[in-house]
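*Asks:* Each chain, letter by letter, is given below.
Protein chains: 2
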Amino acid sequence: MSAEKLSFEDFRPGRRFVLGPKPVTTEEIIEFASEFDPQPMHLDEAAGRASILGGLAASGWHTSSMFMRMMADSYLLTALAEGAPGIDLMEWRKPVLAGDTLSGHSTVLESRPMRSRPGMGIVKFRHEVENQRGQLVLVSENSVMLRMRPETSA
Amino acid sequence: MSAEKLSFEDFRPGRRFVLGPKPVTTEEIIEFASEFDPQPMHLDEAAGRASILGGLAASGWHTSSMFMRMMADSYLLTALAEGAPGIDLMEWRKPVLAGDTLSGHSTVLESRPMRSRPGMGIVKFRHEVENQRGQLVLVSENSVMLRMRPETSA
Chain F
2 MSAEKLSFED
12 FRPGRRFVLG
22 PKPVTTEEII
32 EFASEFDPQP
42 MHLDEAAGRA
52 SILGGLAASG
62 WHTSSMFMRM
72 MADSYLLTAL
82 AEGAPGIDLM
92 EWRKPVLAGD
102 TLSGHSTVLE
112 SRPMRSRPGM
122 GIVKFRHEVE
132 NQRGQLVLVS
142 ENSVMLRMRP
152 ETSA
Chain G
2 MSAEKLSFED
12 FRPGRRFVLG
22 PKPVTTEEII
32 EFASEFDPQP
42 MHLDEAAGRA
52 SILGGLAASG
62 WHTSSMFMRM
72 MADSYLLTAL
82 AEGAPGIDLM
92 EWRKPVLAGD
102 TLSGHSTVLE
112 SRPMRSRPGM
122 GIVKFRHEVE
132 NQRGQLVLVS
142 ENSVMLRMRP
152 ETSA
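Line by line, the protein sequences give chains F and G.
The numbering of the first sequence is this note's numbering, which starts it at 2 and goes up by one.
The numbering of the second sequence is this note's numbering, which starts it at 2 and goes up by one.
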């Protein structure tokens, strides 16, 4: 089964993966905010309009979590991925409002074998997510640990 | 009411806010992962043990979202906060495992009035979250926009 999965070697610099589309609903925004970020502009339409966000807006952490799911569905769930040590860059460029639809892409910037973990490599990505009006809402860069194919790492 | 809230002026460099404690349950880890990060090590104890994380481990995005809630409960919900443009730094230093309890602190690094938005300032924080064994699990830096007191911004 692993043989059919994407391994470190498949993530060559320049390779691009499509993210989304992912529609964002009022209910999802309020549900996430209620649990993790209960600030008024993420819970209530009127409070959102009164804020600098201009409407009921997803928490930035919610947008980031939806983006994670878009990466999972696009390539991580079919890859020999072992997680990420963090985020190098995360910019919430524009508010994500109820009714928006998100889409984007992940591009491999660089990849290298890990010295500390034989048989594994680290792949650095740049990610861009935009709304249905073509406006960038999220820009991110991070690195993911991926296992090599057994014949390569042996 | 606003007069009693924390404003930009209250976030002087060096001021420190306590985060947590926040216990992390198996159910929460699986619920978040099912929606946003359905990789096996975040969904299943055996898969977690077989991974480099060493057990059923929260998605990094879940840890970050729990950290957001800790900030909200500590100081953001009682402040004139207007959101954040992104994250400058986010390191997931150690896995967060089911049964862990998270706590930490946010420290103001610097604060300055925003040129582009009169009556608002931007406050940069450094955040550290550790587990019940005193191991750092999350280190982050970000900047939050906060309104000034009316008499100050007039």
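If you are wondering where the hints come from, they were derived from the structure by calculation, not from laboratory data.
Hints may contain errors.
Because identical chains cannot be distinguished in the list, a pair is counted as satisfied if it fits within a single copy or across any two copies.
Below, computed lysine-lysine pairings styled on DSBU-like, alpha-carbon distance capped at 30 Å [claimed, not checked]: (1) 6 <-> 23; (2) 125 <-> 95; (3) 95 <-> 6; (4) 125 <-> 6.
Here the structure is a predicted model, which means the values were calculated and not measured.
*Asks:* Which of the listed hints are not met by the structure?
*Replies:* Every hint satisfied by this model.
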